[in-house]
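Here's the letter readout for the chains.
Number of protein chains: 2
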Amino acid sequence: MAAKNIVIVGLGVGGFSALMAAKKISPTSHITIVERRNCDMFSSCGLPFVIEGIIPDPENLKHTLPTGSMGVEKLLLHELRSIDTGNKVIEVDDLATGTQKEIVYDSLILATGSEPFIPPIPGARELLGRGVYTLSSPEDTYTILEAASDKKHAVVMGAGPIGLEVAVALKAVGMDVVVVEMLEWAFPRAIDKDMASAVSNVLKSLGIRSMMGKAVEKVVGEDHIKAVEVGGETLDADLLVAASGVRADLSIVRDAGIEIGRFGITTNMGMMTNVKDIFAAGDSVEVTNPLSHRPWSSQLANSAFRQGTVAGTNAAGGYATYDGSLTTFVSVVGDLEVAATGFNSHFASMYGFNVVSGKAKGKTRPDWYPGGEDISVKVLADSSTGKLLGAQAVGRGAAARINVVAVALKSGLTVHELAEVELAYCPAVSETYDVLTKACDFAVRKLNK
Amino acid sequence: MAAKNIVIVGLGVGGFSALMAAKKISPTSHITIVERRNCDMFSSCGLPFVIEGIIPDPENLKHTLPTGSMGVEKLLLHELRSIDTGNKVIEVDDLATGTQKEIVYDSLILATGSEPFIPPIPGARELLGRGVYTLSSPEDTYTILEAASDKKHAVVMGAGPIGLEVAVALKAVGMDVVVVEMLEWAFPRAIDKDMASAVSNVLKSLGIRSMMGKAVEKVVGEDHIKAVEVGGETLDADLLVAASGVRADLSIVRDAGIEIGRFGITTNMGMMTNVKDIFAAGDSVEVTNPLSHRPWSSQLANSAFRQGTVAGTNAAGGYATYDGSLTTFVSVVGDLEVAATGFNSHFASMYGFNVVSGKAKGKTRPDWYPGGEDISVKVLADSSTGKLLGAQAVGRGAAARINVVAVALKSGLTVHELAEVELAYCPAVSETYDVLTKACDFAVRKLNK
Numbered sequence: 000m001a002a003k004n005i006v007i008v009g010l011g012v013g014g015f016s017a018l019m020a021a022k023k024i025s026p027t028s029h030i031t032i033v034e035r036r037n038c039d040m041f042s043s044c045g046l047p048f049v050i051e052g053i054i055p056d057p058e059n060l061k062h063t064l065p066t067g068s069m070g071v072e073k074l075l076l077h078e079l080r081s082i083d084t085g086n087k088v089i090e091v092d093d094l095a096t097g098t099q100k101e102i103v104y105d106s107l108i109l110a111t112g113s114e115p116f117i118p119p120i121p122g123a124r125e126l127l128g129r130g131v132y133t134l135s136s137p138e139d140t141y142t143i144l145e146a147a148s149d150k151k152h153a154v155v156m157g158a159g160p161i162g163l164e165v166a167v168a169l170k171a172v173g174m175d176v177v178v179v180e181m182l183e184w185a186f187p188r189a190i191d192k193d194m195a196s197a198v199s200n201v202l203k204s205l206g207i208r209s210m211m212g213k214a215v216e217k218v219v220g221e222d223h224i225k226a227v228e229v230g231g232e233t234l235d236a237d238l239l240v241a242a243s244g245v246r247a248d249l250s251i252v253r254d255a256g257i258e259i260g261r262f263g264i265t266t267n268m269g270m271m272t273n274v275k276d277i278f279a280a281g282d283s284v285e286v287t288n289p290l291s292h293r294p295w296s297s298q299l300a301n302s303a304f305r306q307g308t309v310a311g312t313n314a315a316g317g318y319a320t321y322d323g324s325l326t327t328f329v330s331v332v333g334d335l336e337v338a339a340t341g342f343n344s345h346f347a348s349m350y351g352f353n354v355v356s357g358k359a360k361g362k363t364r365p366d367w368y369p370g371g372e373d374i375s376v377k378v379l380a381d382s383s384t385g386k387l388l389g390a391q392a393v394g395r396g397a398a399a400r401i402n403v404v405a406v407a408l409k410s411g412l413t414v415h416e417l418a419e420v421e422l423a424y425c426p427a428v429s430e431t432y433d434v435l436t437k438a439c440d441f442a443v444r445k446l447n448k
Numbered sequence: 000m001a002a003k004n005i006v007i008v009g010l011g012v013g014g015f016s017a018l019m020a021a022k023k024i025s026p027t028s029h030i031t032i033v034e035r036r037n038c039d040m041f042s043s044c045g046l047p048f049v050i051e052g053i054i055p056d057p058e059n060l061k062h063t064l065p066t067g068s069m070g071v072e073k074l075l076l077h078e079l080r081s082i083d084t085g086n087k088v089i090e091v092d093d094l095a096t097g098t099q100k101e102i103v104y105d106s107l108i109l110a111t112g113s114e115p116f117i118p119p120i121p122g123a124r125e126l127l128g129r130g131v132y133t134l135s136s137p138e139d140t141y142t143i144l145e146a147a148s149d150k151k152h153a154v155v156m157g158a159g160p161i162g163l164e165v166a167v168a169l170k171a172v173g174m175d176v177v178v179v180e181m182l183e184w185a186f187p188r189a190i191d192k193d194m195a196s197a198v199s200n201v202l203k204s205l206g207i208r209s210m211m212g213k214a215v216e217k218v219v220g221e222d223h224i225k226a227v228e229v230g231g232e233t234l235d236a237d238l239l240v241a242a243s244g245v246r247a248d249l250s251i252v253r254d255a256g257i258e259i260g261r262f263g264i265t266t267n268m269g270m271m272t273n274v275k276d277i278f279a280a281g282d283s284v285e286v287t288n289p290l291s292h293r294p295w296s297s298q299l300a301n302s303a304f305r306q307g308t309v310a311g312t313n314a315a316g317g318y319a320t321y322d323g324s325l326t327t328f329v330s331v332v333g334d335l336e337v338a339a340t341g342f343n344s345h346f347a348s349m350y351g352f353n354v355v356s357g358k359a360k361g362k363t364r365p366d367w368y369p370g371g372e373d374i375s376v377k378v379l380a381d382s383s384t385g386k387l388l389g390a391q392a393v394g395r396g397a398a399a400r401i402n403v404v405a406v407a408l409k410s411g412l413t414v415h416e417l418a419e420v421e422l423a424y425c426p427a428v429s430e431t432y433d434v435l436t437k438a439c440d441f442a443v444r445k446l447n448k
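Residue numbers (numbering that gives the first Met the number 0), protein chains in the order written: chain A, 0 to 448; chain B, 0 to 448.
Honestly, the hints are just simulated from the structure, not real lab data. Since the structure is predicted, the reported quantities are computational estimates derived from the model, not experimental observations. Be a bit skeptical, because a hint or two may be false.
Since copy identity is lost for identical chains, a pair holds within one copy or between any two.
Said to hold, decoys possible - Derived lysine-lysine pairs resembling DSSO-like cross-links, with alpha carbons at most 30 Å apart:
id : residue 1 : residue 2
1  : K203      : K170
2  : K22       : K360
3  : K3        : K437
4  : K437      : K386
5  : K217      : K275
6  : K445      : K386
7  : K23       : K358
8  : K362      : K170
9  : K87       : K100
10 : K61       : K358
11 : K150      : K225
12 : K61       : K437
Start from the sequences and build out the full structure, keeping to the hints where you can.
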């Protein structure tokens, strides 16, 4: 096929995988990368672990692409300014010089990602950078660690993966930490309240206070944060980390006439937008949920990776499809692994399913083999068809079980069919009757009633 | 439903799960267990780890069932003597008294398991118990440890899970160990030669000699083993552990007119034999391979567990089906986890498939996150349809990947579809681009050529 002129805006996970896929499909294509940061890729999921000290240096998270040898033009410190879809050209700002330049494309891939979102709470945006921080770049870890260094009181807003990982990290570096979550339990979008109790227990055992079902109502301070008001209570605060979700800035995309749905840029299954030859991947796109067949959001690195691969393949003239996201995720809170895939009970009900669940507690190894650890699994199925709707797991090996369910969801298996799958057994690794199978059997028993 | 008189012969994994399932379906049924051992259940997969010292006492492997409170009659030291299928009665020997008794059944479940098989090698059977041993009961661990205590040279025959786990165990207690395997590599029925090289490396690093593609030709000794002859070489031997497979003794079953196939007792999908109301489960049954749709052998605890559940459910008047075994397994050799599911290349070819494979090496965590370990995965797919045929993995998390593939095989997924599944990512647990997905992508690339 003819070599194309491919422009990728954004060098996150989606942009990176798009680049690799495009190069694979069409090695002679000319690829230009536009990235407003002053560095190549970095692994944002590692940021909390830098604060915690597990990763000694945030520079370790940065990865320089050998773009020269790849025949890729890399424009760092360049930011997308506008897209002229008719002439197939974008305008970018050179942030170093303040000048603009135009770049012509045959295929354009938008992988601009997202930014942390700070809710419109009185004082929060005003004190941004002065005690109020977000965590989205390697530099943010320096800022937060600096701010934490001689201070005592930290508040983390949001009990999703980033919020909880940051809370544990700040505790580890010696702060008193309070986690505030508007919804009623940890990982509220991914797991159920009963499963979240294990997370509460870990936070408690680490000495982290959690305030669930409560909102930060006000951030107090003049030059610098002093306190936050939460549920009528005033908490001392030297530091507030806002981890209450991310948003994509899509104004340029919208101005270019590219369609935007409820959750982000809409694409077809080839990750192409409504505008020919413009593709999108990563946090800024809306995906299809394979369970509800409805629009959905998946701001996860694994989704961005797959979407980028599909976008890059198609942008380069190949053929690939993306079949939606089950938002399969894992996070680690202290020593507790928490993982989920598909719907939790809340979303399953919201999308009209009658849910039957099965829940089991077990060990990673038989009682008689040393070193076994606790693990709990909950599976959700549709009450009339038995089709799996999702699963949640907490404890060592949670992700391993959840990945198994992710494949079952992809395959449209019933919970009965999943229960039939013989899982690998050796006492040094697993139980004969795995907790996942047990959870499935419990759900099957309810279905049979 | 009317309470039944259920008799279960054999209290291994299959017999135990049959018992539990039958009790669940029909709590009022009268269940009799016939077991020739003098103990309740024990976990045979733990035996090598007793020798190694990881499990301090073989008694830990024994589990006493609360049969009294369950309303179950348990006849230990009783052995099946004959089955009268017409009158629905079995005769058993009371091994303690030497007397016989008859037991009437409505449903009979045969779960008699298997015994280690000692090949007809000159000297091997003659010296059984005098330096030549098998490992199938808690008592065998005493015998082997006793025999090992003041001796130096051990030979292990067979490089399957038991053989290799025993080899590592004997090395750990201070012996010089040679593993002899007739086929050309370790785990020859489950993995390919290229994947087995990791096993060879571990054995080497532990100081265990492996002689692959060689047979024990003779066991030398008069009162006690002195040496073995292997491939023209004479090896000093104070101890030989035969781990060259297991066989079921089916003479009583055959005499009763119960059909036996190439691999064991044949059953329908309800685990019922050709004789009405007689069920079978565990090592002594022949299963269907879901990939070849042909008879197959699965002498694994996870298969026995599922088969027993199905047999027990149906024997008690319920309804359950067994859909065959992918012989999904995991073993641990030293620190190396080895797992596989479905066919390896050898069996895939033998059953007429043209195989395309994808193989990837990776880490369990990103490079920049401490503590990552090596893992390699190989997936096999049918070259014309892309349908998955099997997978093999070595390294930490091998079983976790293999379980994912087991579900994909159960679902009839193509390798392409498996590659699309987004696996859970968090740097403390996994890579964004998991080695399993990578292996699938490599196979897809070959298929697309």
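Structure-based check of all given hints:
Taking CA atoms no more than 30 Å apart as the test, K203 paired with K170 passes inside one copy only; the shortest distance there is 12 Å, against 44 Å between copies. Within a single copy, K22 and K360 get their C-alpha atoms only as close as 46 Å, which misses the 30 Å cut-off; across copies the closest is 21 Å, which meets it. In the homo-oligomer, the alpha carbons of K3 and K437 lie at most 30 Å apart only across protomers (26 Å), although the nearest pairing inside one protomer, at 52 Å, exceeds that limit. For a Cα distance limit of 30 Å, the shortest separation of K437 from K386 qualifies both inside one copy, at 17 Å, and across copies, at 28 Å.
For the identical chains of this complex, K217 and K275 are neighbours neither inside a copy (46 Å) nor across copies (74 Å), given an alpha-carbon limit of 30 Å. With identical chains, the CA atoms of K445 and K386 are at most 30 Å apart within one copy only, with a shortest distance of 13 Å there and 33 Å across copies. Taking identical chains as interchangeable, the C-alpha atoms of K23 and K358 lie at most 30 Å apart only when they sit on different chains, with a minimum of 18 Å there against 44 Å within one chain. In this assembly of identical chains, K362 and K170 lie within 30 Å of each other by CA distance both inside one copy and across copies; the values are 28 Å within and 29 Å between.
For the homomeric pair K87 and K100, the shortest alpha-carbon distance inside one copy (14 Å) is at most 30 Å, but the shortest distance between copies (90 Å) is not. Taking the shortest alpha-carbon separations for K61 and K358, only the inter-copy value of 27 Å comes in at or below 30 Å, while the best intra-copy value is 40 Å. For the homomeric pair K150 and K225, the shortest alpha-carbon distance inside one copy (11 Å) is at most 30 Å, but the shortest distance between copies (73 Å) is not. In this assembly of identical chains, K61 and K437 lie within 30 Å of each other by CA distance solely across copies; the values are 22 Å between and 42 Å within a copy.
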